[in-house]
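Q: Sequence:
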Amino acid sequence: MGFTTKALHTQPLAKDAHGAMRFPIYQSSAFEFEKAEDLEAVFKGFKYGHVYTRSTNPTIEEFEHKIRTVSGALGVLATATGMAAISNMLFALLKSGDNIITTKYLFGNTLSLFQTLLSDFDVEVRYVDLNNLEEIKANIDAKTRLLFCESISNPHLIVPDFESIKSLLQENNVPLIVDTTATPWNLFDAKKHGVDVEIVSATKYISGGGHVLGGLIVDNGTYNWGNHATLAPYYKKFGPNALILRLRKETYRNLGATLSPQSAYLLSLGLETMDLRVKRSCDNALAVAKHLQTKPEITNVSYPFLEDSTSYENAKKHFSAGGGIVSFSFSDKASAYAFLNRLNIIKRGTNVQDNKSLIIATYHTIYAEYSNEQKASFGLSEGMIRLSVGIEDLEDLIADIDQALVKEEQTVVSNEAASDKPHLLDF
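Oh and the sequence shown: position 136 is 116 in the working numbering, straight run, nothing missing.
Quick caveat, the hints were computed from the structure, so don't treat them as lab data.
Keep in mind that this is a model prediction, so the values were computed, not measured.
Check the hints yourself; a few may be wrong.
To be verified - In silico PhoX-like cross-links for lysine-lysine, where the CA-CA straight-line distance does not exceed 25 Å:
#1 K171 <-> K259
#2 K75 <-> K117
#3 K327 <-> K275
#4 K270 <-> K297
#5 K216 <-> K24
#6 K355 <-> K313
#7 K75 <-> K216
#8 K24 <-> K229
#9 K123 <-> K217
#10 K259 <-> K336
#11 K15 <-> K229
#12 K172 <-> K(-14)
#13 K171 <-> K296
#14 K172 <-> K297
#15 K259 <-> K(-14)
#16 K270 <-> K313
#17 K172 <-> K117
#18 K217 <-> K27
#19 K297 <-> K84
#20 K117 <-> K171
#21 K216 <-> K84
#22 K296 <-> K172
#23 K216 <-> K171
#24 K313 <-> K327
#25 K313 <-> K84
#26 K270 <-> K296
#27 K24 <-> K217
#28 K171 <-> K(-14)
#29 K275 <-> K313
#30 K27 <-> K216
#31 K216 <-> K123
I would like the entire structure built from these sequences, with the hints used as guidance.
A: Here you go:
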């Protein structure tokens, strides 16, 4: 079956008593058992059942089951947010004294997590050029527990060569963990291309409407957890399911980053139409990127499926489309803000892969807590803009961009308008 057919017709794990064609919402914190012995058996792991929604819930389980079906994964665990999925994965795989390999070209909050919380727990983060295999190899040692990257970096839109990285990591028993939010399964068969564990913000393409938060940890079953220092004891007990069951029985349960049943229900609905929306978004994004390249006001346009992109070859090798995000730059902040403030259809706001097109000046928002020197090291400029292209009619998006580019007196943004004080807002 194709992607959408699977999403629509995956058989529920349990038959509804009333034959409902839509799996119901079990909005309950706890579940009753007929016998005390049965409750004991579930707690001890001798029998399966739902005890408390912080650990498992029928509606959440059904969403996980659908994701497992469409992705072909071994195991799936749903979390409250995409950031919760990343943090749960890290806590399950790392101990004090370990190290991980990654890149500075990451989403701002992911980078913040790596640079603050992990250092507080004495985990070393080693930043490398993912296109330099020798540099990756030089940073691997006996304490390296994973390599983490994004399938298309946000907002830089860099695509690694996953097969080459995977081949190197296999020689050293290091799992490849990739945030594949920008490239869902109908665009990118991550398992086929060597990704061991996928991290997904379900808030994005799966939701579509920007109305619910959620995250996913997807174990593709391609890594032998018996070779991982942290999970080896769990592999002896749980075999190939060591990661998901450690998460389920310890990390996820104890941290409490539980997806709500209502959110799981809405995400299941979103999954059914995701393929249609993703294709429209990607088609729009490529057309918008090509259109922006014709504009003299724009100094740079980044999109993986543009033939002059440095990521074009890797993107074409891995993906069926280039995703829904386009990055482009003006010469300075004033020009960028003048353009942003003249837009009518495209909304000024954070989030990506909403049905609506959203736009934001990344230098001044998502990375606001970093110094100018740090931002420069991340490859950011003051005039850089991230556009998440939605599913509107393409003609309307082009028209909105064109009218916002019309030359008129620009309003210079005063430096006094924005506070330089550090903040803890989650963008």
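Q: Indicate, hint by hint, whether the structure satisfies it.
A: Taking the hints in turn, this is what the structure says about them:
1. Simply put, K171 and K259 have alpha-carbon atoms about 21 Å apart, close enough for the 25 Å limit, and the pair holds.
2. Distance restraint check for K75 and K117: the Cα-Cα separation of roughly 21 Å lies within the 25 Å cut-off, and the hinted pair is therefore satisfied.
3. Between K327 and K275 the CA atoms are separated by roughly 21 Å; this keeps the pair inside 25 Å, and the hint holds.
4. Distance restraint check for K270 and K297: the Cα-Cα separation of roughly 20 Å lies within the 25 Å cut-off, and the hinted pair is therefore satisfied.
5. Using a Cα cut-off of 25 Å, the hinted pair K216 and K24 holds, with the two alpha carbons roughly 17 Å apart.
6. This hinted pair checks out: K355 and K313 have alpha carbons roughly 14 Å apart, not beyond 25 Å.
7. Between K75 and K216 the alpha-carbon distance is near 19 Å, which keeps this suggested pair within the 25 Å criterion.
8. Among the hinted pairs, K24 with K229 is consistent with the structure: their alpha-carbon atoms are about 11 Å apart, no more than 25 Å.
9. For a cut-off of 25 Å, the pair hint linking K123 to K217 stands: about 23 Å separates their Cα positions.
10. Using a Cα cut-off of 25 Å, the hinted pair K259 and K336 holds, with the two alpha carbons roughly 14 Å apart.
11. In summary, the hint linking K15 to K229 is supported, as the alpha carbons are separated by about 23 Å, within the 25 Å threshold.
12. Proximity of K172 to K(-14) is assessed by CA-CA distance (about 18 Å); at most 25 Å being required, the pair is judged to hold.
13. Distance hint between K171 and K296 is fulfilled; the C-alpha atoms sit about 17 Å from each other, no more than 25 Å.
14. Annotation: proposed proximity of K172 to K297 holds, straight-line Cα distance about 12 Å (limit 25 Å).
15. A hinted pair counts as satisfied when its Cα atoms are at most 25 Å apart, and K259 with K(-14) qualifies at roughly 17 Å.
16. Proximity of K270 to K313 is assessed by CA-CA distance (about 23 Å); at most 25 Å being required, the pair is judged to hold.
17. Distance check on the hinted pair: K172 and K117 sit about 23 Å apart at the alpha-carbon level, within 25 Å; holds.
18. For the given pair, K217 sits about 16 Å from K27 by alpha-carbon distance, which is consistent with the 25 Å threshold.
19. In summary, the hint linking K297 to K84 is supported, as the alpha carbons are separated by about 23 Å, within the 25 Å threshold.
20. Restraint check for K117 and K171: the C-alpha separation of about 22 Å stays at or below 25 Å, so the hint holds.
21. Taken as a hint, the K216 and K84 pair is broken in the structure, with Cα atoms around 35 Å apart against an allowance of 25 Å.
22. For a cut-off of 25 Å, the pair hint linking K296 to K172 stands: about 15 Å separates their Cα positions.
23. The straight-line distance between the Cα atoms of K216 and K171 is roughly 24 Å, inside the 25 Å bound, and the hint therefore holds.
24. A distance of roughly 18 Å separates the Cα atoms of K313 and K327; the hinted pair therefore holds under the 25 Å criterion.
25. With a CA separation close to 23 Å, the supplied pair K313 and K84 stays within the 25 Å bound.
26. With a C-alpha separation of about 17 Å, the suggested pair K270 and K296 falls inside the 25 Å cut-off, and the hint holds.
27. Note on K24 and K217: the hinted pairing holds, with a Cα-Cα distance of about 14 Å set against a maximum of 25 Å.
28. A threshold of 25 Å between alpha carbons decides the hint, and for K171 with K(-14) the separation of about 17 Å falls inside it, so the pair holds.
29. With a C-alpha separation of about 17 Å, the suggested pairing of K275 with K313 holds against the 25 Å cut-off.
30. Using a Cα cut-off of 25 Å, the hinted pair K27 and K216 holds, with the two alpha carbons roughly 20 Å apart.
31. Among the hinted pairs, K216 with K123 is consistent with the structure: their alpha-carbon atoms are about 21 Å apart, no more than 25 Å.
The structure is inconsistent with hint 21 alone, although it conforms to all the rest.
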